[in-house]
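*Asks:* Below are the chains, spelled out letter by letter.
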Amino acid sequence: EAGVVQSPRYKIIEKKQPVAFWCNPISGHNTLYWYLQNLGQGPELLIRYENEEAVDDSQLPKDRFSAERLKGVDSTLKIQPAELGDSAVYLCASSFSVWDTQYFGPGTRLTVL
Amino acid sequence: RKEVEQDPGPFNVPEGATVAFNCTYSNSASQSFFWYRQDCRKEPKLLMSVYSSGNEDGRFTAQLNRASQYISLLIRDSKLSDSATYLCVVNSIGKNTGNQFYFGTGTSLTVIP
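Just so you know, the sequences run in chain order E and G. Take 1 as the starting number for the first sequence in my numbering and just add one per residue. Take 1001 as the starting number for the second sequence in my numbering and just add one per residue.
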């Protein structure tokens, strides 16, 4: 069974540029999560989807971050414009339901110069 | 106060040693608990769920103490391949966010030959 797929794996951009990350969850998983992970820290939730509905986006900096999961399957996370402090690993995870085990994708390592 | 707190370590132990990690959580209504393992520059992967009665998987034993609100992970007969960061994860009901997973900052383990 294929795991969570993310692309790109690495991205280097200059500050003020836009960037987008893509995630395809495990087939059949209704819940999708986007996390941000800084070095030496645990993942921090940005947004959680139940099918196509964003049910928890309280930690998403909405002035520059946006996300969508239009058909309830794959999802895109966008930053516009990127700031130096956005450099981190962006992890996508999915699960059957909010109570079940989360499976993580390999992440996108973003460097903002 | 953080939802989940872990001793970041690092723990440096010789091969064959027994090592224990503890994790505390602040929300007494937390429902489910997990230990994830994260290798350097990789995504977190589920190591084991933690059940109220305690559970064991080979050299790994997880315990939950609801009264004291802590979770533990015991690794017996440490192997070099156990070197990683171990993340404590708690599924709680947030104040305004409903169900949410909270990650600890992780405990770093290095097993020395």
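Simulated from the structure, these hints should not be mistaken for laboratory data. Since the model is a prediction, treat every value here as computed from it, not as a measurement. Here a beta-carbon is modelled for each residue, glycine too, at the ideal position from N, C-alpha and C. Please note that the accuracy of each hint is not assured.
Keeping only pairs whose Cα atoms sit at most 27 Å apart, straight-line, the calculated DSS-like set for lysine-lysine is [unchecked claim]:
id, chain 1, residue 1, chain 2, residue 2
1, E, K11, G, K1042
2, G, K1042, E, K78
3, E, K78, G, K1045
4, G, K1045, E, K11
5, G, K1079, G, K1042
6, G, K1045, G, K1002
7, E, K16, E, K62
8, E, K62, G, K1002
9, E, K15, G, K1042
Heads up, incomplete: computed chain G residues facing chain E, CB under 7 Å, no partners named [as the list claims (entries may be wrong)]:
id, residue
10, P1010
11, E1043
12, L1046
13, L1087
14, N1099
15, F1103
16, G1104
17, G1106
18, T1110
*Asks:* Assess, step by step, whether the Cα of K1042 of chain G is no farther than 27 Å from the Cα of K78 of chain E, and give holds or violated.
*Replies:* Distance of about 22 Å is within 27 Å: holds.
*Asks:* Regarding the pair K11 of chain E and K1042 of chain G, is the alpha-carbon distance no greater than 27 Å?
*Replies:* holds (16 Å)
*Asks:* Please check whether G1104 of chain G passes as an interface residue: C-beta within 7 Å of a C-beta belonging to chain E.
*Replies:* Nearest chain E Cβ about 5 Å off; hint holds.
*Asks:* Checking one constraint from the list: CA of K15 of chain E to CA of K1042 of chain G, max 27 Å. Satisfied?
*Replies:* The hint holds at about 25 Å.
*Asks:* CA of K16 of chain E to CA of K62 of chain E, is that 27 Å or under?
*Replies:* The given pair, whose Cα atoms are some 16 Å apart, holds under the 27 Å limit.
*Asks:* K78 of chain E and K1045 of chain G: Cα distance at most 27 Å?
*Replies:* Measuring from Cα to Cα gives roughly 25 Å; hence the hint holds.
*Asks:* Is the shortest C-beta separation between P1010 of chain G and chain E less than 7 Å?
*Replies:* violated (11 Å)
*Asks:* With a cut-off of 27 Å on the C-alpha distance, tell me whether K1079 of chain G and K1042 of chain G pass.
*Replies:* holds (19 Å)
*Asks:* Would the hint on T1110 of chain G be counted as holding, given a Cβ-Cβ threshold of 7 Å to chain E?
*Replies:* Violated, because the Cβ-Cβ distance from T1110 of chain G to chain E comes to roughly 15 Å (cut-off 7 Å).
*Asks:* Would you check the hint for K1045 of chain G and K11 of chain E, treating anything up to 27 Å between C-alpha atoms as holding?
*Replies:* holds (23 Å)
*Asks:* Taking 27 Å as the top limit, are the C-alpha atoms of K1045 of chain G and K1002 of chain G close enough?
*Replies:* The hint holds at about 22 Å.
*Asks:* Under the criterion of a CB-CB separation shorter than 7 Å, is E1043 of chain G in contact with chain E as hinted?
*Replies:* holds (4 Å)
Hint compliance for this structure: hints 10, 18 are broken, all remaining hints hold.
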